[in-house]
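Q: Taking my numbering, the leading residue of the first sequence gets 33, the next gets one more, and so forth.
Just to be clear, a hint being listed does not mean it is correct.
Distance condition first, Cα-Cα at most 25 Å in a straight line; then the derived SDA-like pairs of lysine to any residue [claimed, not checked]:
(1) Lys222 x Asn156
(2) Lys153 x Pro130
(3) Lys138 x Glu70
(4) Lys376 x Leu272
(5) Lys170 x Glu125
(6) Lys382 x His418
(7) Lys386 x Ile357
(8) Lys120 x Lys259
(9) Lys257 x Arg116
(10) Lys222 x Trp237
(11) Lys193 x Thr328
(12) Lys294 x Ile196
(13) Lys259 x Leu397
(14) Lys81 x Glu125
(15) Lys87 x Ile75
(16) Lys123 x Ile75
(17) Lys375 x Leu397
(18) Lys294 x Glu269
(19) Lys109 x Glu125
(20) Lys44 x Arg82
(21) Lys109 x Lys276
(22) Lys276 x Lys375
(23) Lys39 x Thr104
(24) Lys294 x Lys120
(25) Lys257 x Ala428
(26) Lys257 x Thr104
(27) Lys39 x Ser77
In short, the hints are calculated from the structure, not lab data.
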Amino acid sequence: MDLIIRKGLTSKVVDILIEQSGASSVYWNRRYEIENIETDTEIMSDLKKRGISVKSFNANLLSEPWSIKTKTGNYYKVFTPYWREAKKHIKTEPLPSPKNALNYVKKLESLEINNLNLVPKNSNWVNKMYPHWTIGSKGALQALSNFANGPINNYGENRNKPAIDDGTSKLSPHLAFGEISPRQIWSFFKDNLEVADKFLTEIGWREFSYVLLYNNPKLANENFKEKFNTFSWHNSESSLNAWKTGNTGYPFVDAGMRQLWKTGWQHNRVRMVTASFLIKHLLIDWREGEKWFHDTLVDADPASNASGWQWVAGSGADASPYFRIFNPFSQGEKFDPEGEYIKKYIPELKELPKKYIHRPWEAPLEILQKANVKLGENYPRPLVDHKFARKRALEAYANLNTT
DNA sequence: TTTTGAGTTGTTCGA
DNA sequence: GTCGAACAACTCAAA
Numbered sequence: 033m034d035l036i037i038r039k040g041l042t043s044k045v046v047d048i049l050i051e052q053s054g055a056s057s058v059y060w061n062r063r064y065e066i067e068n069i070e071t072d073t074e075i076m077s078d079l080k081k082r083g084i085s086v087k088s089f090n091a092n093l094l095s096e097p098w099s100i101k102t103k104t105g106n107y108y109k110v111f112t113p114y115w116r117e118a119k120k121h122i123k124t125e126p127l128p129s130p131k132n133a134l135n136y137v138k139k140l141e142s143l144e145i146n147n148l149n150l151v152p153k154n155s156n157w158v159n160k161m162y163p164h165w166t167i168g169s170k171g172a173l174q175a176l177s178n179f180a181n182g183p184i185n186n187y188g189e190n191r192n193k194p195a196i197d198d199g200t201s202k203l204s205p206h207l208a209f210g211e212i213s214p215r216q217i218w219s220f221f222k223d224n225l226e227v228a229d230k231f232l233t234e235i236g237w238r239e240f241s242y243v244l245l246y247n248n249p250k251l252a253n254e255n256f257k258e259k260f261n262t263f264s265w266h267n268s269e270s271s272l273n274a275w276k277t278g279n280t281g282y283p284f285v286d287a288g289m290r291q292l293w294k295t296g297w298q299h300n301r302v303r304m305v306t307a308s309f310l311i312k313h314l315l316i317d318w319r320e321g322e323k324w325f326h327d328t329l330v331d332a333d334p335a336s337n338a339s340g341w342q343w344v345a346g347s348g349a350d351a352s353p354y355f356r357i358f359n360p361f362s363q364g365e366k367f368d369p370e371g372e373y374i375k376k377y378i379p380e381l382k383e384l385p386k387k388y389i390h391r392p393w394e395a396p397l398e399i400l401q402k403a404n405v406k407l408g409e410n411y412p413r414p415l416v417d418h419k420f421a422r423k424r425a426l427e428a429y430a431n432l433n434t435t
């Protein structure tokens, strides 16, 4: 059986395929963004009217977002009780493979994937990403097995250290593109649920994010908590650009933003720090960060990305408390004590001793000179003072409750 | 209906 | 250097 690739308006393409193949049934896997739900619902009802059998399935999630409910029948808005309940409903046994392979009556015409211009030709940024990822389900299964054969055992600790390359599973892009399903992952660990618990909880967050997105289709655009609608975000194109390009003057933040630009991915621990910096140190609207991450991440997921940004902003369900403002250099000192992560993505700082690598602005001039660091020239000074920014954010968030 | 306990990942300050 | 408390008030979920 071959994969048939077609291009065009979904409803039309499906019609043409039905006609060409003589199909009497159409099956697909469900999607959860509002536009896709609408498209799929429309096509489903149209096909049914014409006597064609239609079935849709869940291949993307462990549980359908509408299936896990509180005692009063509402969807969960707090992760911990959600996950406690959701875990009870997970079926660990995958379905058996079909007995008979599907056969087409005749061979159908297909577009060539290489002719679709899916990958930009006249740019070098895309080539930089290939070494970091093996695209496709083979790459996904390989990543899963590599992770299960070792790193999972130290996941609780190593997942917070961005310099450790295999501290996390790196499965996110494979999940985002459907190259692996969460049920395959669950089933893989079904005899070691205890060992994998911390990791599987992260899969749980992905599930929970889909519950939030399904029940709040505008999760990426509108504050989950309405009181945030009056928050007056700062509008600074130059600060936003400094953040995007990794030029805030805080090495841990900048390393993260440069990792994102270079590899299409950013370590989870660092995502929290860079997001917190944009929102709380710069007071820039979380939606700006959400958009940038959505554009640049190879694992960009409409549910996880939106709910993650709202969580950091404090505007989301079960959100991070207002006083949780990450310190952009002490996070680095804590989770990258040797500065290896910094050196990897900011080579300009690689000669700096670790004592100063997370806060070069405090280094004596002679040490900076010896390390060939010229603040304001080959590496920026801090965009904002941490103490000042922290106080300013706390006041802005306090205002939220009194207005 | 009311009550109760809890809520991913932090930082700072002062004893 | 270590440790506990404070940093607000609110909403959620279950008993």
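Q: Compare the distance between the alpha carbons of Lys386 and Ile357 with 25 Å, and conclude whether the hinted pair is satisfied.
A: holds (24 Å)
Q: Taken at face value, is the distance from the CA of Lys375 to the CA of Lys276 at most 25 Å?
A: holds (19 Å)
Q: Can you confirm whether the C-alpha distance between Lys109 and Glu125 stays at or below 25 Å?
A: violated (28 Å)
Q: Quick one, are Lys39 and Thr104 close enough, alpha carbons at most 25 Å?
A: Violated. Lys39 to Thr104 sits at ~44 Å, over the 25 Å cutoff.
Q: Measure nothing beyond the straight line between the CA atoms of Lys294 and Ile196; if it is 25 Å or shorter, mark the hint as holding.
A: holds (17 Å)
Q: Is it true that the CA of Lys257 sits at most 25 Å from the CA of Ala428?
A: With a Cα-Cα distance of about 16 Å, the restraint between Lys257 and Ala428 holds, given a limit of 25 Å.
Q: CA of Lys382 to CA of His418, is that 25 Å or under?
A: holds (23 Å)
Q: Please verify whether Lys138 and Glu70 have alpha carbons no more than 25 Å apart.
A: Violated: Lys138 and Glu70 sit about 31 Å apart, past 25 Å.
Q: Under the criterion that the straight-line Cα-Cα distance not exceed 25 Å, is the pair Lys81, Glu125 satisfied?
A: violated (35 Å)
Q: Quickly compare the C-alpha distance for Lys257 and Thr104 to 25 Å and report which way the hint goes.
A: holds (21 Å)
Q: Hey, Lys123 versus Ile75, does the alpha-carbon distance stay inside 25 Å?
A: violated (29 Å)
Q: Taking 25 Å as the top limit, are the C-alpha atoms of Lys259 and Leu397 close enough?
A: violated (47 Å)
Going through the hint list in order, the structure does not satisfy hints 1, 2, 3, 8, 13, 14, 16, 19, 21, 23 and 24.
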